[in-house]
Amino acid sequence: MIAFKDVTKKFGKTVALDDVNLEIKKGMITGLLGPNGSGKSTMIKLISDLNKPTKGEVLINGGEISQEIKKHISYLPEIDHFYPWMKIRDAKNFVKTFYEDWDEDRYQELLDFLELEESMMIKKISKGQRAKTKLLLSFSRRAEIILLDEPLSGIDIFTREKIIETMIKDYRGGEQTIVITTHEIKEIEHVIDETVFLNKGAVALAGNVEELREQQQRSLVEIMKEVYGNGKDF
Amino acid sequence: MERTFKQQIWMLYKKDVMNLRTESLLLLAFAAGLNVYAYIQILRAESTLNAAGYGVLSSMIVFGALFWVFIRSFSLVSSEWKDHTLHMIMPLPIGGKSIFFSKLMALFTQILVVGTITVIFALGSATLILGLDEVTSFFRIFNIASEELILGNIGEIIKMIIFAFVNFGQLLVIVFFSSVVGRMFKKLSGPITFVVFILSNFVISRITILIARSVTFDSQAGFSISGDNVTGMETTINFMSTPEYLFGVFYALAFGVLFFFATTYLYDRKVEL
Amino acid sequence: MNFNPSKPIYEQIIDEFKKKMVRGELQPDDKMPSQRDLAQQLKVNPNTVQRAYREMEHQGMTETQRGQGTFVANDTEKIRELKDEMAKKTLENFIQEIQDLGFSQEDIPILIEKYRKKGDKN
Chain A
1418 MIAFKDVTKK FGKTVALDDV NLEIKKGMIT GLLGPNGSGK STMIKLISDL NKPTKGEVLI
1478 NGGEISQEIK KHISYLPEID HFYPWMKIRD AKNFVKTFYE DWDEDRYQEL LDFLELEESM
1538 MIKKISKGQR AKTKLLLSFS RRAEIILLDE PLSGIDIFTR EKIIETMIKD YRGGEQTIVI
1598 TTHEIKEIEH VIDETVFLNK GAVALAGNVE ELREQQQRSL VEIMKEVYGN GKDF
Chain B
160 MERTFKQQIW MLYKKDVMNL RTESLLLLAF AAGLNVYAYI QILRAESTLN AAGYGVLSSM
220 IVFGALFWVF IRSFSLVSSE WKDHTLHMIM PLPIGGKSIF FSKLMALFTQ ILVVGTITVI
280 FALGSATLIL GLDEVTSFFR IFNIASEELI LGNIGEIIKM IIFAFVNFGQ LLVIVFFSSV
340 VGRMFKKLSG PITFVVFILS NFVISRITIL IARSVTFDSQ AGFSISGDNV TGMETTINFM
400 STPEYLFGVF YALAFGVLFF FATTYLYDRK VEL
Chain C
4 MNFNPSKPIY EQIIDEFKKK MVRGELQPDD KMPSQRDLAQ QLKVNPNTVQ RAYREMEHQG
64 MTETQRGQGT FVANDTEKIR ELKDEMAKKT LENFIQEIQD LGFSQEDIPI LIEKYRKKGD
124 KN
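Same order as they appear, the protein sequences are chains A, B and C.
Counted the way the numbering used here counts, the first sequence spans residues 1418 to 1651.
Counted the way the numbering used here counts, the second sequence spans residues 160 to 432.
Counted the way the numbering used here counts, the third sequence spans residues 4 to 125.
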């Protein structure tokens, strides 16, 4: 379980998160949804230790984020984060060295499934292929917590489907926690268990997606439109 | 478990070496080009470049290359931000000590490689231009054979190399420290890095001088060589005395370690994307 | 399979299986697809599929045999019940919509008679 306790995060004068209290359930896929600047990416970065809270604390399984806990977290950034000289093979060898949960068989299988080659120079391949490379490295680990920051943004529809298939392929429900930020709600509404709508750094609505559909008899997109007024940011 | 830790350090080191590789190769190509240029110049009949001039030029190439390595060491830290690779490094289950240790080792490797190769370039082209006799005579500042000069004082030479390395290491650690401090600010991180670098060096030198004043060194204990140089003038080179040497190495190491831990502390606790 | 985004997905998965059982596409004692395969095929969260399977077992539609997987329950009575229940649901919807158009209850058999033949011809 990932818990945000009274978390405020400021960047200079900009308030990215404003006194957030939230629990992200273990073993489920949680979608952090909201327009740009709503704070969803900041939440992911606080969990992956790239940012530190200005106030409050982020706890994982009850403990503060430590090196021990970081062993079990797999983080997929929105931005391309590989060294310019890296081939897919180099990136793999790098990641593999630091995480004991690396699964070589799964890596080989996903490499095939995502139609990637180890000898590909990451800097030189297409945007979609780079997105798939990031996914490959994230999901080749049997990590307890997988954080995906905008894995679908700017990606063509076929690649998106491939990415979603990769997410649910071998997903170990109940054990693995996946947190995904996106504004492509339609693409993932069948995939997420829990949703958190963020608005201007605060939680606007959080709940189980199936329950929300049951109670409101509406789609997530419609619910979201209500939460954000007209949803014109989407 | 321990084996994995070593593998992790090795992987970080390899990564930093790879980051420095292209630039080192370019630097060496440039140094080689300059040597070739000097060679061509000197082959021209009425060249103004003589043995001494050539000596100055080739040592300038060596020192220039080393200076370049030092300047670029700032970017070994800041490029992690600029290239977004910090997204890869910061979530790793490994602390700042390993990350900066491997950077330090990679830079030492670069200095060693660039230094050695540029010296070989210089000596090699000097031999081509001037002939082996001239080159060895260049070293014959004193009326001692060059082998004897080197082999006879090997202990002193090693001491000097260690001294240079420790001081260079301290300098690099201050580069890390000031870069990390600079990165704690969203704006003006470049100028802040520069100011912190200058200030840190200033503070260190002030403290070292203060302490050095309170200790008196026996200046006569210094090791020295003297004799006639090629021009026939009497010359003396003084090496540091052992206490002076130990003092220098100790303080460079002490400040190096202090700033190293300060850097890793900031990286582990304070630094953000 | 296309999901209606305003209804719970697990319910829609159950409905799909009900249809298959009623039509005879799934016979008693037939093996159900594995949850993992189904999730992948439908591109839905495996937790949702798990919920649907749990619910179907609870309703007596399926049985799980340890180590062998999930099977359609050998219960013809249950399937008849399902068939009846689905017919009821469909008709209720139909009647509601016809009435919304302004027809009365009595018009319904006439309308059926009128359009059933046409439907037969096509």
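No wet-lab data here; the hints were simulated from the structure.
C-beta atoms are modelled at their ideal positions from N, C-alpha and C, and glycine is treated no differently.
Take the hints with a grain of salt, since some may be wrong.
Unchecked claim - For each label pair, taking beta carbons as the anchor points, the in silico distance ranges come out as:
{"id": "1", "chain 1": "A", "residue 1": "Lys1422", "chain 2": "C", "residue 2": "Gln44", "range": "35 to 41 Å"}
{"id": "2", "chain 1": "A", "residue 1": "Asp1436", "chain 2": "C", "residue 2": "Met4", "range": "39 to 45 Å"}
{"id": "3", "chain 1": "C", "residue 1": "Glu58", "chain 2": "A", "residue 2": "Asp1529", "range": "34 to 40 Å"}
{"id": "4", "chain 1": "A", "residue 1": "Lys1603", "chain 2": "B", "residue 2": "Phe164", "range": "44 to 50 Å"}
{"id": "5", "chain 1": "C", "residue 1": "Lys46", "chain 2": "A", "residue 2": "Lys1617", "range": "31 to 37 Å"}
Stated by the list, open to error - Below, simulated SDA-like cross-link-like pairs (lysine to any residue); rule was C-alpha separation at most 20 Å, straight line:
{"id": "6", "chain 1": "A", "residue 1": "Lys1603", "chain 2": "A", "residue 2": "Arg1559"}
{"id": "7", "chain 1": "A", "residue 1": "Lys1488", "chain 2": "B", "residue 2": "Ser238"}
{"id": "8", "chain 1": "A", "residue 1": "Lys1472", "chain 2": "B", "residue 2": "Thr244"}
Claimed, not checked - Only part of the chain B face toward chain A is listed, based on derived beta-carbon distances under 10 Å:
{"id": "9", "residue": "Thr163"}
{"id": "10", "residue": "Gln166"}
{"id": "11", "residue": "Gln167"}
{"id": "12", "residue": "Trp169"}
{"id": "13", "residue": "Met177"}
{"id": "14", "residue": "Thr181"}
{"id": "15", "residue": "Arg231"}
{"id": "16", "residue": "Met247"}
{"id": "17", "residue": "Pro250"}
{"id": "18", "residue": "Leu251"}
{"id": "19", "residue": "Pro252"}
{"id": "20", "residue": "Gly328"}
{"id": "21", "residue": "Leu330"}
{"id": "22", "residue": "Ser359"}
{"id": "23", "residue": "Arg372"}
Hint by hint, here is what the structure shows:
The beta-carbon spacing between Lys1422 (chain A) and Gln44 (chain C), approximately 40 Å, falls within the hinted interval of 35 to 41 Å. Look at Asp1436 (chain A) against Met4 (chain C): about 42 Å separates their beta carbons, and that is inside 39 to 45 Å. At about 35 Å, the beta-carbon gap between Glu58 (chain C) and Asp1529 (chain A) stays in the expected band of 34 to 40 Å. For Lys1603 (chain A) and Phe164 (chain B), the Cβ-Cβ distance of about 45 Å falls inside the hinted range of 44 to 50 Å, so the restraint holds.
In this structure the supplied range 31 to 37 Å holds for Lys46 (chain C) paired with Lys1617 (chain A), their Cβ-Cβ distance being about 32 Å. Annotation: proposed proximity of Lys1603 (chain A) to Arg1559 (chain A) is violated, straight-line Cα distance about 27 Å (limit 20 Å). Proposed proximity of Lys1488 (chain A) and Ser238 (chain B) is contradicted: the alpha carbons are some 25 Å apart, above 20 Å. Restraint check: the Cα-Cα separation between Lys1472 (chain A) and Thr244 (chain B) comes to about 26 Å, which exceeds 20 Å; the hinted pair is violated.
A cut of 10 Å between beta carbons decides the hint on Thr163 (chain B): the least distance to chain A is about 8 Å, and the hint holds. Interface hint at Gln166 (chain B): satisfied, since its Cβ lies 5 Å from the closest Cβ of chain A, which is below the 10 Å cut-off. For Gln167 (chain B), the suggested interface contact is upheld, since its CB lies about 6 Å from the closest CB of chain A, less than 10 Å. At its closest, the beta carbon of Trp169 (chain B) sits 8 Å from a beta carbon of chain A; the interface hint therefore holds under the 10 Å criterion.
Checking Met177 (chain B) against chain A by beta carbon gives a least distance of about 5 Å; that is within 10 Å, so the hint holds. Given hint, Thr181 (chain B) at the interface with chain A, holds; its Cβ is 7 Å from that chain's nearest Cβ, closer than 10 Å. With 10 Å as the threshold, the beta carbon of Arg231 (chain B) stays out of range of chain A, its nearest partner Cβ sitting at about 15 Å, so the hint is violated. For Met247 (chain B), the interface hint holds, the least distance from its beta-carbon to any beta-carbon of chain A being 5 Å, beneath 10 Å.
With its C-beta approaching chain A no nearer than about 5 Å, Pro250 (chain B) sits inside the 10 Å limit, and its interface hint holds. Given hint, Leu251 (chain B) at the interface with chain A, holds; its Cβ is 5 Å from that chain's nearest Cβ, closer than 10 Å. Among the interface hints, the one on Pro252 (chain B) holds; its C-beta lies about 4 Å from the nearest C-beta in chain A, closer than the 10 Å criterion. Evaluation of the Gly328 (chain B) hint against chain A yields a violated restraint, the C-beta minimum of about 24 Å exceeding 10 Å.
Checking Leu330 (chain B) against chain A: minimum C-beta separation of about 25 Å lies over 10 Å; hint violated. Checking Ser359 (chain B) against chain A: minimum C-beta separation of about 24 Å lies over 10 Å; hint violated. Contact between Arg372 (chain B) and chain A, as hinted, is not supported at the beta carbon level, the nearest pair being about 42 Å apart and thus beyond 10 Å.
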